[in-house]
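> If you want the building blocks of each chain, they are given just below.
There are 4 protein chains.
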Amino acid sequence: MATQMIILNGGSSSGKSGIVRCLQAVLPDPWLAFGCDSFVDALPAKLHASDEGIVFAADGAVSVGADFRALQTAWMEGVAAMARAGARVIIDDVFLGGSGSQQSWQKTLGELDVLWVGVRCESEVAAGREVARGDRVQGMAALQADVVHDGVVYDLEVDTTHTESLVCARAIAARVS
Amino acid sequence: MATQMIILNGGSSSGKSGIVRCLQAVLPDPWLAFGCDSFVDALPAKLHASDEGIVFAADGAVSVGADFRALQTAWMEGVAAMARAGARVIIDDVFLGGSGSQQSWQKTLGELDVLWVGVRCESEVAAGREVARGDRVQGMAALQADVVHDGVVYDLEVDTTHTESLVCARAIAARVS
Amino acid sequence: MATQMIILNGGSSSGKSGIVRCLQAVLPDPWLAFGCDSFVDALPAKLHASDEGIVFAADGAVSVGADFRALQTAWMEGVAAMARAGARVIIDDVFLGGSGSQQSWQKTLGELDVLWVGVRCESEVAAGREVARGDRVQGMAALQADVVHDGVVYDLEVDTTHTESLVCARAIAARVS
Amino acid sequence: MATQMIILNGGSSSGKSGIVRCLQAVLPDPWLAFGCDSFVDALPAKLHASDEGIVFAADGAVSVGADFRALQTAWMEGVAAMARAGARVIIDDVFLGGSGSQQSWQKTLGELDVLWVGVRCESEVAAGREVARGDRVQGMAALQADVVHDGVVYDLEVDTTHTESLVCARAIAARVS
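Residue numbers (the numbering used here), protein chains in the order written: chain H, 1 to 177; chain U, 1 to 177; chain A, 1 to 177; chain X, 1 to 177.
Just so you know, these hints were derived from the structure itself, not from any lab.
Owing to the predicted nature of the structure, the values given are computational and were not obtained by experimental measurement.
Worth double-checking, as some hints may not be accurate.
Label pairs and their computed distance ranges (CB to CB) [unchecked claim]:
1. A/Glu157 <-> H/Val55: 39 to 47 Å
2. U/Lys107 <-> A/Glu157: 47 to 55 Å
3. A/Val40 <-> H/Ala49: 14 to 22 Å
4. U/Asp155 <-> H/Asp41: 21 to 29 Å
5. U/Gly110 <-> A/Val55: 47 to 55 Å
Residues of chain A clear of chain X, computed beta-carbon distances all greater than 10 Å [said to hold, decoys possible]:
6. Leu112
7. Ser123
8. Gly139
9. Asp146
10. Asp150
What the simulated footprint calls covered on chain X by chain H, stretch by stretch (three residues with Cβ under 8 Å from a Cβ of chain H suffice, anywhere in the stretch; the number is not a length) [what the hints assert, rightly or not]:
11. 121–130
12. 156–166
Ideal Cβ positions, reconstructed from N, Cα and C, are used throughout, including at glycine.
Work out the full structure: start from the sequences and follow the hints.
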């Protein structure tokens with residue numbers, strides 16, 4: 001059966017977005033790409049820096065509130081529906097709740113054929129890339145590097161510490177049926 | 001019954017995005033916002049400037065191919081599913097097919113309670129704003145200004161030619177139940 | 001003698017950037033465009049939200065420190081040198097110090113032939129456009145709308161409250177020799 | 001004598017921008033950063049894709065015309081003036097003319113104390129990163145990888161093929177006096 005979704009999970013600055021763009025380039029079919037960044041962009045500006053929405057603390061800690069969670073749940077339902085309607089979909093996400101986040105996706109996705117991919121990057125290297133990109137709160141990369149993988153089960157894992165995005169993408173693409 | 005979706009239709013540079021952000025600010029509930037721009041961003045880069053994807057000609061004409069249409073149909077299903085799952089959703093779109101585009105949405109949205117909004121802007125003014133924003137192919141605004149409204153039926157229309165985005169948004173918000 | 005620089009001064013969300021892009025489009029010669037935004041982008045990230053750099057308070061108030069001022073002075077010298085070297089240059093700036101800011105520019109620019117343009121926008125309208133653009137701290141537009149013009153002397157003034165960017169640009173271009 | 005400018009030269013997607021942001025973070029003084037991207041952003045939109053301006057061919061070849069060159073020369077004079085006025089300045093550039101480009105800078109910069117840095121990246125790796133970033137014409141990275149270094153003399157060279165931006169930045173910072 002054909003893979004219907006690819007879900008990449010990894011901490012901030014672990015290299016997910018670059019892998020997604022490479023996957024879209026190397027996979028022969030056209031895949032849609034969405035993720036936590038495009039979801040946050042869809043929120044009202046007033047939910048940024050709101051307790052009901054999403055707050056990025058000065059140390060890089062991220063906390064989300066009730067409105068964020070409710071809208072996120074509906075967004076996940078929508079993503080699942082796109083896949084059921086025939087679009088092949090790549091999601092990049094940050095499982096702030098570790099295995100609990102994965103279970104939420106699994107409950108939503110039901111019978112869909114999903115390839116689960118862990119994107120690792122050594123904490124110190126991810127923190128350096130956070131400095132290099134310059135558009136993120138310093139500290140997020142280190143805080144998220146390990147905790148987002150806690151208890152999560154993958155079909156394969158890639159590690160961007162010493163491996164280029166395109167090489168990681170090819171390894172993932174080789175597992176897409 | 002509560003309005004579940006707001007769909008704004010208008011030509012390029014008619015002022016849809018500004019109205020969407022104002023709507024998200026003035027509506028008391030948090031609404032998610034998606035649109036043709038966020039959909040195009042989700043496509044593989046290789047579908048940009050591809051006959052199977054979306055092509056922006058030098059004169060501002062836009063043409064879309066089979067892959068674009070198939071993914072767009074699935075994306076519309078996903079948006080409908082988000083609304084059914086309880087998220088209130090604002091869509092801004094460019095009905096290149098006029099009433100045909102509206103019928104595609106209606107077929108997808110079924111029983112959902114939708115507020116249909118036409119966003120008008122005099123062709124010459126929209127063309128000037130296209131120059132001012134600087135990030136679009138010149139000519140799109142004028143080519144799309146009228147044709148996207150052809151045969152489309154609205155609950156209300158706003159005109160940004162002489163009316164600010166925030167004022168348009170308040171008029172729309174007053175119709176949301 | 002040919003105009004060597006055009007300096008636009010106006011509060012946040014008064015419409016300066018749109019006028020600049022229109023000026024670049026309608027002026028027959030190619031003009032370079034710089035401004036307070038491109039200067040801030042050139043600063044180290046660590047000067048954003050630093051007392052030595054630039055701080056955007058939650059109410060829209062902007063304060064700048066010693067490092068910001070020193071680098072800004074050198075940047076202004078550089079801009080003047082570009083104009084003396086033959087580039088025609090458009091600057092858009094926010095004179096937080098009113099006439100004092102203009103005097104700093106005048107001291108730097110010396111004998112250069114400058115067209116001074118005030119960009120006005122009614123405070124309430126600018127505040128609405130601040131909501132519509134969605135990427136600025138709410139409150140800046142209203143706080144800056146009048147104070148940036150305090151004591152400043154112009155060759156001409158435009159008002160974007162009821163006039164499109166392109167129309168304003170044409171009025172300015174008509175004054176360029 | 002204190003280093004007044006750092007000039008990084010390397011092909012597209014060799015990692016210059018990331019190194020610049022890391023340099024701004026690790027250098028104790030505040031340094032301004034400009035480069036070929038910010039210069040191109042300052043050009044009128046009509047010089048993009050114009051023979052007089054800058055043309056990006058479908059294969060990644062870049063060609064520039066008379067207007068581009070004239071404005072670039074004035075821009076370089078301006079950058080030199082900022083450094084003479086006391087701002088410490090980092091430039092990232094792509095020496096399409098190899099040693100000729102360096103000589104143009106040297107002629108402009110005169111007596112300024114400049115640290116010349118070559119940024120290398122293996123062609124194949126740079127091409128992969130070009131896919132991963134997704135916002136550049138495919139082919140530029142490979143075409144520029146070697147030619148931009150032709151005959152150029154450096155104070156030090158870094159290679160991002162296997163070395164992180166932050167580590168490269170620290171090596172450069174150690175050479176700043």
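> Which constraints among the numbered hints does this structure fail? Numbers only, ascending.
none
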